[in-house]
Structures are given as structure tokens and as C-alpha cells.
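A.B. asks: Protein sequences appear in the order of chains W and H. For the first sequence, our numbering assigns the number 1 to the initial residue and increments by one for each residue that follows. For the second sequence, our numbering assigns the number 1 to the initial residue and increments by one for each residue that follows.
Source of the hints: derived by calculation from the structure; they are not laboratory data. Glycine is no exception: its CB is placed at the ideal position from the N, C-alpha and C atoms. Check each hint, because a few of them may be wrong.
[To be verified] Pairwise CB distance ranges (calculated): (1) W:Arg-180 to H:Ala-47: 33 to 43 Å; (2) W:Arg-93 to H:Glu-163: 42 to 52 Å; (3) W:Arg-93 to H:Val-61: 50 to 60 Å; (4) H:His-111 to W:Lys-133: 30 to 40 Å.
Protein chains: 2
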Amino acid sequence: MSRVRVHNLSVSLDGFATGAGQRLDAPFGHAGTRLHEWFFPTRTFRAMQGEAEGTAGVDDVFAAALTPGIGAEIMGRNKFGPQRGPWEDHEWRGWWGPNPPFHTPVFVLTHHPRPSLEMEGGTTFHFIDATPKEALRRAREAAGGLDVRIGGGPTTVREFLAEDLVDHLHVAVVPIVLGRGERLWDGLEGLEERFEVESVATPGGVTHLTFTRSR
Amino acid sequence: MSRVRVHNLSVSLDGFATGAGQRLDAPFGHAGTRLHEWFFPTRTFRAMQGEAEGTAGVDDVFAAALTPGIGAEIMGRNKFGPQRGPWEDHEWRGWWGPNPPFHTPVFVLTHHPRPSLEMEGGTTFHFIDATPKEALRRAREAAGGLDVRIGGGPTTVREFLAEDLVDHLHVAVVPIVLGRGERLWDGLEGLEERFEVESVATPGGVTHLTFTRSR
């Protein structure tokens, strides 16, 4: 059975997975790069930028786990771009340039469907207005037996967790206090009871947690 | 210069340091014992209960750091007991029995002062209506050159952190989602900028963080 996975979701000590005030020049709002300082130097992230170098320690081991075995991604509209409401700028094709780092079908959840966007490198964005369950059905179909990644943002991950649709969740707890933004854990009281939870801290101060669904 | 220290403050992934609904039979409200499962088996905690046995691993190393060098404690009234408003039950002498585990002067912050309580084993509870700064001045005086511990609860710790009065903070992040209760981190945006932060995860899944004031 294909699994539903979340990877590399960075969360502050006060539970925010993105800052306040997302803008075109600030995809994570006032958090800036602070939630992802552990991720940016990794070989995994550098490769997404077309660079050959990067760190290959514990952080990269976790970072790199996001790709193998994934056949489709589901993301919220706020991960796709900073626009809200009806689409006004149809030229917007995501934050990632002509060859996005997904290389699979990507289902973008939105109340405003629009035609699919076929990009270079195997990524196709499909814009669908669907419940988490229905979106997952479609993503599974597109994934051809492989796993489905819930790519974020926090609201989308939270919705899939609330409906108990997630099999594997990797969270990186970053030792900062953000104060404002989008909370990951709201409405998920007792979440840990459905998972085996393990953790490992890195010398950089980030703690990687894995939540694996209890069988 | 004597330091101001916080030890063994357990916090959930969503930032709650105590649950909702504190009662006489539930000092941490609906959280029950879940925030302190790492602490209870330690030799340090067991010794407070008059027992000789207990674990002596990483968790106990952190737990045991709360005592050496401490000359006085400051605690909030909600740590002292479950009553609110004017004191109605003067028989209440804290949760800890006739010989509390402090063995120093303890300053209880309350808007309703009452006579000091001298207990066995060197603990004396003083009930004072004071700002954090003023309470710290009095505690330092009583500590005779030793350090002052801010004993909690979360509201009291938060107030001392907000006024930048804390030199050393030990937080244990427990991988549970509490959903409700008293948040530690509210109003402390950017706290990490004033501290060196280190972390270590234990096999049990708890992450110990130390915040040490940057010099």
C-alpha cells in the first residue's frame, strides 16, 4: 500500500511552520530563512538549485528522504504562490522556475481551479478544488503505486493530519521563537497517540522528529 | 555575579508547559503526567520522594542540575497551589508535604501576601506582591551570593524571560501535542537572539535545550 508522507517541515519552538506576511519576496513571511537554515546548506537543497556542493551530514540524510519513492505531491495554494482569491496573474508558474524540483504530478488545492500547467522535468501542476480525501484519491491514482507527499504549507499538512491520512511525518524543530505566523499543531491534540515518535538532535541545534503511524 | 536559572521546564511540541484545568488532584491539568514522564523515573525525582532508586542516564543528568548552587527560588502562586484570589485555606502549605524539596527561601509571587511559612528542611515560603525585578532583588539578598532559580509555572518563567532577567534556561521539549493549557513562548518572539542555544535528544524522544545568555 502506498504511504502518505510529509518531509522537512520546519517548526519553531512555539509551533509556527511559517511566519506572518507571506509575500512574493518573502515566501515564509517575517520568518525569512530562519526556519530553514538547517536545510539550505544541504546537498539535497543545493542540488535543487543546480549546484553540486553541499553538506552531507545528519541534516542532509533527513533532507534527502523527501524524494525516493514519491509518485505525486499535494500542496496547498499558499505553497504554490502568494496570490489569494481568484487567479489574476496566470503567468505565475510557482516559485521554482521552469524546471521545478518535483518531477511528478503535483496537485494544488485551491477553490479556484485553472488549467493544468505542464512544466519541464516531469512536473505537472493540477489545480483542484477537493477535500483531502478526494485529493489523495486523485494523487494516488497519478502516483502509480508510489507514495504521495503532502508538500505543505502548514495548513494543508494540518488538514491531512486531522483526517488521519498521514503515515509518516518528519518535523524539524528549530530552536527559535517566531511569535507569529501559521501554527502547525492547532487542533491536533493527542496526535502522538496515533504514531511512534522518535527524535534526534543535530549539533546545529535542530531536532528531527519522525512520526510513524502505529500499526 | 549570581545567575538566574530555570531548570526542567517541560514543554509540548505546541508550546504548552502545563495543561488546562489545574486542580488539587491534577497539578498539571489535563496534561496529567505526560509532560513529565521523562522526569519521574530519574534518581533526582525519586530522591525527592524519599526513594533511593531511579534512572541515572541523560535525563537524570539534566534533572539533577536544578539543585547545585541555588540559594533561593522564586515561584508563581499557581505552582504553590490551586487556589486563586484571596487565601481561603490557610492550612494549605504547598503540594510537597512538611519537608519540601527546596531547602532554601522560596518567594511565592501573589497579589495576596500572607505570613511566611517556615517548613522542615530549610524551606521557608515568603509570599510577596512584587514585580519580577523586585522579587529578584529580594531573592538575591536571601540567596547569599548563590544563584536564584525561577521555579515556574510557565507564566512566571515567561515574565522573567520577557524582562530579560534569566541567564540559563533548560527546556525539555516533549513530543506530544497538548492542544490546551498555558503557553510558555507567547510574547517572546526572537528570544533565541539573546542566548546560545544547544540541544540534545534522548532515546526516549525528549529533547533537552539549554539557553545560555550570550555575553
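A.B. asks: Take the hints in turn and mark each one as holding or not.
C.D. replies: Consistency of the hints with the structure:
{"no.": "1", "hint": "W:Arg-180 to H:Ala-47: 33 to 43 Å", "verdict": "holds, 42 Å"}
{"no.": "2", "hint": "W:Arg-93 to H:Glu-163: 42 to 52 Å", "verdict": "holds, 49 Å"}
{"no.": "3", "hint": "W:Arg-93 to H:Val-61: 50 to 60 Å", "verdict": "holds, 52 Å"}
{"no.": "4", "hint": "H:His-111 to W:Lys-133: 30 to 40 Å", "verdict": "violated, 52 Å"}
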